[in-house]
Amino acid sequence: MTRQIDFQTDPSQYRHWRVEYDGPVANLYMDVDENGGLFEGYQLKLNSYDLGVDIELADVVQRMRFEHPQVKVVIMRSGKPGVFCAGANIRMLGKAAHGHKVNFCKFTNETRNTFEAAEADSGQKYIAAVRGACAGGGYELALACNHIMLTNDSTSSVALPEVPLLAVLPGTGGLTRVTDKRKVRRDRADIFCSIEEGVKGQRAVDWRLVDEIVPNSKFDDVVLQRAGEFAAASHKADVAEGIKLTPLNRTIGEDGSLTYSTLEAQVDRKGGKVTITLHGPDSDAPADMDAFFAMGDQAYMLRLARELDDAILHLRLNEMELGLWVIRSQGDPEKFAAHEALLMSNADHWLANEVLKYWKRILKRLDVTSRSLVALVEHGSCFTGILAEILFAVDRSYMMEGEFEGDNRRIATVTLSDANFGPMPMGNDLTRLQTRFLGEPESVGLAQARMGEALDAGEADDLGLVTTILDDIDWEDEIRIFLEERASFSPDAMTGMEANLRFAGPETMETRIFGRLTAWQNWIFIRPNAVGEDGALQRYGTGVRGDFNKERV
Amino acid sequence: MLDLINVSYDTQIPNNVGLSEDKTVLKALEKWHPGYINWWNDLIPDKFQQSLVYLRTAVSVDPKGWAKFDYVKMPEYRWGILLAPQVEGRTIPCGEHMGKPAWQEVPGEYRNMMKRLIVIQGDTEPASVEQQRFLGKTAPSLYDMRNLFQVNVEEGRHLWAMVYLLQKYFGKDGREEANDLLLRSSGSEEAPRMLGAFNEETPDWLSFFMFTYFTDRDGKMQLESLAQSGFDPLSRTCRFMLTEEAHHMFVGETGVGRTIERTCQVMNENGITDPYDVDKIRALGVIDLPTIQKKMNLHYTLSLDLFGQEVSTNAANAFNSGIKGRFLEHRIDDDHQLKGDTYKVWDMVDGKLVQHEVPALTAINMRLRDDYSRDAAGGVGRWNKLIAKMGVQFEMKLPHESFNRKIGVFAGHNFDPEGNLVSGAEYDAGMADWLPNHADGDFIQSLMVSVTEPGQYAGWISPPKVGIDNKPGDFEYVKLHMA
Ligand SMILES: [Fe+2]
Ligand SMILES: [Fe+2]
Chain A
15 MTRQIDFQTD
25 PSQYRHWRVE
35 YDGPVANLYM
45 DVDENGGLFE
55 GYQLKLNSYD
65 LGVDIELADV
75 VQRMRFEHPQ
85 VKVVIMRSGK
95 PGVFCAGANI
105 RMLGKAAHGH
115 KVNFCKFTNE
125 TRNTFEAAEA
135 DSGQKYIAAV
145 RGACAGGGYE
155 LALACNHIML
165 TNDSTSSVAL
175 PEVPLLAVLP
185 GTGGLTRVTD
195 KRKVRRDRAD
205 IFCSIEEGVK
215 GQRAVDWRLV
225 DEIVPNSKFD
235 DVVLQRAGEF
245 AAASHKADVA
255 EGIKLTPLNR
265 TIGEDGSLTY
275 STLEAQVDRK
285 GGKVTITLHG
295 PDSDAPADMD
305 AFFAMGDQAY
315 MLRLARELDD
325 AILHLRLNEM
335 ELGLWVIRSQ
345 GDPEKFAAHE
355 ALLMSNADHW
365 LANEVLKYWK
375 RILKRLDVTS
385 RSLVALVEHG
395 SCFTGILAEI
405 LFAVDRSYMM
415 EGEFEGDNRR
425 IATVTLSDAN
435 FGPMPMGNDL
445 TRLQTRFLGE
455 PESVGLAQAR
465 MGEALDAGEA
475 DDLGLVTTIL
485 DDIDWEDEIR
495 IFLEERASFS
505 PDAMTGMEAN
515 LRFAGPETME
525 TRIFGRLTAW
535 QNWIFIRPNA
545 VGEDGALQRY
555 GTGVRGDFNK
565 ERV
Chain E
68 MLDLINVSYD
78 TQIPNNVGLS
88 EDKTVLKALE
98 KWHPGYINWW
108 NDLIPDKFQQ
118 SLVYLRTAVS
128 VDPKGWAKFD
138 YVKMPEYRWG
148 ILLAPQVEGR
158 TIPCGEHMGK
168 PAWQEVPGEY
178 RNMMKRLIVI
188 QGDTEPASVE
198 QQRFLGKTAP
208 SLYDMRNLFQ
218 VNVEEGRHLW
228 AMVYLLQKYF
238 GKDGREEAND
248 LLLRSSGSEE
258 APRMLGAFNE
268 ETPDWLSFFM
278 FTYFTDRDGK
288 MQLESLAQSG
298 FDPLSRTCRF
308 MLTEEAHHMF
318 VGETGVGRTI
328 ERTCQVMNEN
338 GITDPYDVDK
348 IRALGVIDLP
358 TIQKKMNLHY
368 TLSLDLFGQE
378 VSTNAANAFN
388 SGIKGRFLEH
398 RIDDDHQLKG
408 DTYKVWDMVD
418 GKLVQHEVPA
428 LTAINMRLRD
438 DYSRDAAGGV
448 GRWNKLIAKM
458 GVQFEMKLPH
468 ESFNRKIGVF
478 AGHNFDPEGN
488 LVSGAEYDAG
498 MADWLPNHAD
508 GDFIQSLMVS
518 VTEPGQYAGW
528 ISPPKVGIDN
538 KPGDFEYVKL
548 HMA
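Chains A and E supply the protein sequences, listed in that same order.
Residue 15 is where the first sequence starts when you use the numbering used here, and the numbers rise one by one after that.
Residue 68 is where the second sequence starts when you use the numbering used here, and the numbers rise one by one after that.
Treat the hints loosely; a few may be bogus.
Listed next, the stretches of chain A that the computed footprint assigns to chain E, with coverage defined by at least 3 CB atoms under 8 Å from CB atoms of chain E [to be verified]:
| id | region |
| --- | --- |
| 1 | 167-178 |
| 2 | 553-566 |
Below are the BS3-like pairs computed for lysine-lysine, each with C-alpha atoms no more than 25 Å apart in a straight line [said to hold, decoys possible]:
| id | chain 1 | residue 1 | chain 2 | residue 2 |
| --- | --- | --- | --- | --- |
| 3 | A | Lys59 | E | Lys419 |
| 4 | E | Lys411 | A | Lys59 |
| 5 | E | Lys411 | A | Lys109 |
| 6 | E | Lys419 | A | Lys564 |
In short, the hints are calculated from the structure, not lab data.
Glycine is no exception: its CB is placed at the ideal position from the N, C-alpha and C atoms.
Produce the entire structure from the sequences given, and follow the hints as far as they go.
Structure (structure tokens):
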């Protein structure tokens with residue numbers, strides 16, 4: 015599986031989903047094209063999915079927010095009779111390299127989190143209307159919806175059959191959402207997760223696995239009725255029309271380097287690193303949100319967001335050996351502040367809200383990116399507000415101190431804004447600064463008191479906002495040595511260490527999904543009991559059962 | 068009427084499983100039984116419930132006991148729980164546990180898989196009774212009416228058999244599934260039967276005969292493979308059910324045969340030699356052979372769909388775990404484990420039909436379907452002999468397995484009955500000759516008149532060669548209750 019995976023798509027290219035818009039209600043049909051797999055060698059039967067199916071879903075969810083802000087309720091349902099969704103395609107999983115499986119799961123997790131949060135973030139509520147088999151990843155799709163309706167036809171059930179069937183976990187949030195979100199009693203959850211055929215009818219309600227069961231003959235009517243009720247009760251403001259998300263302006267160089275309108279990613283294969291440079295705004299901030307709306311997806315804050323998001327996904331999936339991401343910025347910090355301020359001061363405008371929430375997601379995506387992340391705060395940089403947040407997302411940051419010989423760029427500064435103190439929380443529900451200063455909460459206050467000031471290296475260092483400040487004499491050498499050292503470490507140890515250090519503080523459902531569940535799943539994904547030649551995943555479909563090493567580890 | 072408070076299970080439910088001593092099953096059955104009786108009473112029109120039907124009842128499994136004929140009112144039919152005698156030292160006939168002693172209890176690791184198979188089988192048994200519920204009103208003779216009811220009560224007994232297994236061996240879950248078998252019903256919008264073909268109404272008697280010939284034969288093949296199960300109680304249950312299933316197929320084969328015979332006879336009497344002279348033939352009140360061929364095309368292909376996907380993980384798992392064998396497993400000369408064996412299956416590659424070898428373990432469904440097709444061809448040959456004997460130039464032919472399929476590799480493509488991939492236009496044009504349309508249905512329906520005089524038959528069907536239980540031609544198989 016070495017082909018490049020493109021995360022950009024649009025409705026004209028969909029093969030697996032279709033959406034019918036009906037005022038405030040959108041009907042989202044999953045109707046997977048069996049022969050539309052991303053790779054050779056498997057068929058996407060029974061609405062099973064692979065990364066390609068999920069890329070489309072992520073696109074649907076994203077466009078729902080920006081292009082269809084009228085929508086208040088999304089009904090997720092199957093376009094196939096007799097089956098809602100059979101989950102991730104097992105043959106694809108059996109064939110896929112470990113790295114692909116892990117990346118696939120991460121992306122699907124992020125997509126599920128996104129539509130799950132759509133209700134709280136922008137008033138778009140997702141209903142899962144389940145008719146037919148809803149198993150494994152299929153039920154995980156439903157679990158991430160805000161309301162689950164199951165037909166009561168004495169056959170349709172919800173199930174998490176991964177353990178008995180495949181010797182792996184319901185790893186796309188399944189186990190965690192059953193206990194943390196649906197709050198299913200743990201012993202019942204234990205039963206539920208050990209039986210292939212799942213739970214149907216009244217018991218599914220009694221066990222809290224679904225919100226309601228509906229007589230089969232009335233199913234469609236009740237679903238529509240419920241959608242209407244939710245739409246009527248929604249606090250989401252009425253919006254006349256959305257903006258278009260047009261294709262990104264991206265070129266991929268021969269060496270794999272990426273160029274977008276607001277950023278580039280320079281590949282250094284020998285050094286195992288990529289340098290991502292974010293450019294500040296090329297023009298003044300729009301006068302107001304009407305002007306922003308008129309610019310649509312070309313408005314700087316949204317353009318940068320979309321391009322950065324795409325770059326992160328592209329590098330994560332297609333450039334697995336670039337283990338070190340160096341993030342720089344160049345631009346006018348005050349201009350950036352003005353662009354950001356327009357959004358922050360109009361946070362109740364639907365589009366400003368969507369752009370800010372999008373930034374929240376991108377920063378979270380960065381948090382869970384299994385690469386060593388380092389930020390360089392150089393002269394001429396614009397780490398302000400949302401961009402400064404990147405400094406608190408990375409594993410280390412280095413900042414230039416004082417004049418550098420022959421460098422006449424504006425002296426390096428860091429500027430904090432309201433964006434650093436609430437609207438961009440991490441998965442642990444704390445801000446990055448709160449997480450950073452877990453042992454010294456007063457430091458958050460000290461930093462907040464300096465909001466709006468362009469802090470130079472000494473000040474930033476005093477406030478604990480950067481890792482190390484380096485002057486003209488040390489900069490080049492120290493950075494080189496750090497990068498070389500980092501690149502020499504075991505990538506596995508790095509991933510594990512970084513993921514542990516990044517998420518100090520309380521656990522939330524989200525951190526448990528990415529930390530606990532994913533980590534266990536990834537462990538199982540390399541164990542012979544699942545993926546060995548005689549493991550359950552490899553043998554699935556042959557009729558021969560997995561041969562287990564019975565030793566408990 | 069059955070006294071539901073004081074059921075003496077050993078007398079009212081003929082059984083060889085020591086029912087009256089089995090506290091667990093008794094308790095479960097007491098709860099389930101009233102629901103069953105309600106199901107039956109709601110289903111069959113009251114007039115027939117009160118009629119005396121000359122039925123065969125199985126009261127034990129030995130040759131003398133399994134065919135007791137007598138008049139009985141259907142609600143008082145003694146639905147028995149009968150397992151074929153236990154074979155001493157029986158071993159698991161196939162799969163990874165081959166050669167080990169057959170299981171007398173359900174192995175925990177296979178409990179769910181086994182339960183699912185039993186539930187699916189169990190779901191088909193009452194379904195066909197539901198599909199055929201209105202046919203009593205248009206029976207072409209008392210003889211046929213009796214056969215219909217015989218098939219119906221036996222399907223009811225098959226439901227009992229599956230319910231017994233669920234209640235006896237699958238604990239609380241099994242009891243719930245047993246209840247759900249009465250909850251689902253054929254064609255219901257609320258809770259339909261599990262398999263598509265069992266949700267279609269059987270609208271007329273020719274459909275009934277085709278159904279018992281082709282669809283009951285699918286049931287036979289499923290039972291044959293479950294009769295090979297390493298789970299002994301399931302094997303024994305299915306072995307006994309097969310003895311009854313044979314009669315259902317007899318009803319189907321002779322029913323179609325008698326329809327054909329009557330058509331040929333009427334053609335001959337009226338000097339019609341062209342079997343395609345449809346209007347003329349129909350005007351004489353019999354069903355033309357091309358229409359019978361169309362009905363056959365429909366029922367055969369619907370039944371093929373019941374075998375599922377050609378390549379199936381579930382079927383492979385069931386075989387390898389020893390829960391389900393192949394047709395006549397013990398007569399197959401191989402390792403019974405299919406290690407490294409392959410089997411030819413159809414596939415569509417780049418829009419073309421090809422056959423290729425796949426691991427035999429994954430092609431269990433395909434193999435059973437091939438066995439089915441061979442089995443089904445037998446009766447067709449006998450119908451053709453009959454047609455030839457009557458001097459009519461016509462040959463019935465099973466369509467190619469790719470025709471009119473909704474499940475498996477052929478689904479979604481346009482094949483003609485010869486197995487040629489044809490264009491959409493050709494397909495639409497051919498349809499009138501290939502499958503029965505509404506007009507055909509209307510015509511057949513117009514012939515469906517009730518004939519209730521003993522020894523008399525509707526004009527579109529010949530009398531049988533011999534009576535049931537060797538009764539004479541004018542025997543009153545059903546003493547109709549006149550309200
Ligand atoms: Fe049967
Ligand atoms: Fe039958």
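Results of checking the hints against the structure:
1. Residues of the region 167-178 of chain A lying with their CB closer than 8 Å to a CB of chain E number 4, which satisfies the three-residue condition for coverage.
2. Proximity of the region 553-566 of chain A to chain E, defined as three or more residues with a beta carbon under 8 Å from a beta carbon of that chain, is established by the 6 residues found.
3. For a cut-off of 25 Å, the pair hint linking A:Lys59 to E:Lys419 stands: about 20 Å separates their Cα positions.
4. A hinted pair counts as satisfied when its Cα atoms are at most 25 Å apart, and E:Lys411 with A:Lys59 qualifies at roughly 21 Å.
5. Taking the CA atoms of E:Lys411 and A:Lys109, the gap is near 24 Å; set against the 25 Å cutoff, the hint holds.
6. For a cut-off of 25 Å, the pair hint linking E:Lys419 to A:Lys564 is broken: about 46 Å separates their Cα positions.
Hint 6 from the list above is the single one not met by this structure.
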